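If you're matching them up, the sequences are chains P and L in order.
Here this note's numbering is used: the first residue of the first sequence is 41, the next is one more, and so on.
Here this note's numbering is used: the first residue of the second sequence is 802, the next is one more, and so on.
Think of the hints as simulated: they come from the structure by calculation, not from any bench.
Careful, some of the hints might be misleading.
So, partial list: chain L residues that the calculated Cβ filter (under 8 Å) puts toward chain P [to be verified]:
| hint | residue |
| --- | --- |
| 1 | 812 |
| 2 | 813 |
| 3 | 815 |
| 4 | 835 |
| 5 | 844 |
| 6 | 845 |
| 7 | 847 |
| 8 | 851 |
| 9 | 852 |
| 10 | 857 |
| 11 | 889 |
| 12 | 905 |
Just so you know, these numbers come straight off a predicted model, no measurement behind them.
Note that beta-carbon positions come from the ideal geometry of N, C-alpha and C, so glycine has one too.
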Amino acid sequence: DTGVSQNPRHKITKRGQNVTFRCDPISEHNRLYWYRQTLGQGPEFLTYFQNEAQLEKSRLLSDRFSAERPKGSFSTLEIQRTEQGDSAMYLCASSLENRQEIFGPGTRLTVT
Amino acid sequence: QKEVEQNSGPLSVPEGAIASLNCTYSDRVSQSFFWYRQYSGKSPELIMSIYSNGDKEDGRFTAQLNKASQYVSLLIRDSQPSDSATYLCAVTGIAGGYQKVTFGIGTKLQVIP
Numbered sequence: 041d042t043g044v045s046q047n048p049r050h051k052i053t054k055r056g057q058n059v060t061f062r063c064d065p066i067s068e069h070n071r072l073y074w075y076r077q078t079l080g081q082g083p084e085f086l087t088y089f090q091n092e093a094q095l096e097k098s099r100l101l102s103d104r105f106s107a108e109r110p111k112g113s114f115s116t117l118e119i120q121r122t123e124q125g126d127s128a129m130y131l132c133a134s135s136l137e138n139r140q141e142i143f144g145p146g147t148r149l150t151v152t
Numbered sequence: 802q803k804e805v806e807q808n809s810g811p812l813s814v815p816e817g818a819i820a821s822l823n824c825t826y827s828d829r830v831s832q833s834f835f836w837y838r839q840y841s842g843k844s845p846e847l848i849m850s851i852y853s854n855g856d857k858e859d860g861r862f863t864a865q866l867n868k869a870s871q872y873v874s875l876l877i878r879d880s881q882p883s884d885s886a887t888y889l890c891a892v893t894g895i896a897g898g899y900q901k902v903t904f905g906i907g908t909k910l911q912v913i914p
């Protein structure tokens, strides 16, 4: 499979716990993006990497959120001290330079 | 004013009809425009991209762009029940030296058999 993959696909956690999601982009893509999508809304930009450099982070992203792409390949998104408002679909996308973004299947987070 | 505006719908069309989906954007320097299809519970899937004024056709889909009016649309000809989904309009603009993609809320399309 040469598409974008994300793991896990579903995560249920209790409020206050930390969670980490992984994204493996298409291998030749140098750009990687994280989005959050809640019901009835479009994807909301969280952060963006070009290779291993995190070039932009949304003002909407609180300090509880951190993302890494250590070797310019896969990326992780960690949410610390989860809150019920963090429940959403977390989408990863990748692209080659500024060409169209290809999305992964997403990780659905439920915070109870 | 939202950066990318879409009517959330639902837009209901009978099978075989033309579905017309509309999107307006606020940033005049926007450069690239995309339509994504999203089935319930699934991730967005790119179906069309358009970069210059005019029409772009791909099978049953036609994207139309009018930069002067800051308007982009998607026409789906011979609509099928399998086209029933939410259609997201996405627009890129320059932000800090890279092209940030902004999505609309999506228009829900229902094709009635």
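**Prompt:** Where does the structure disagree with the numbered hints, that is, which hint numbers, in rising order?
**Reply:** 1, 2, 3, 8, 9, 10
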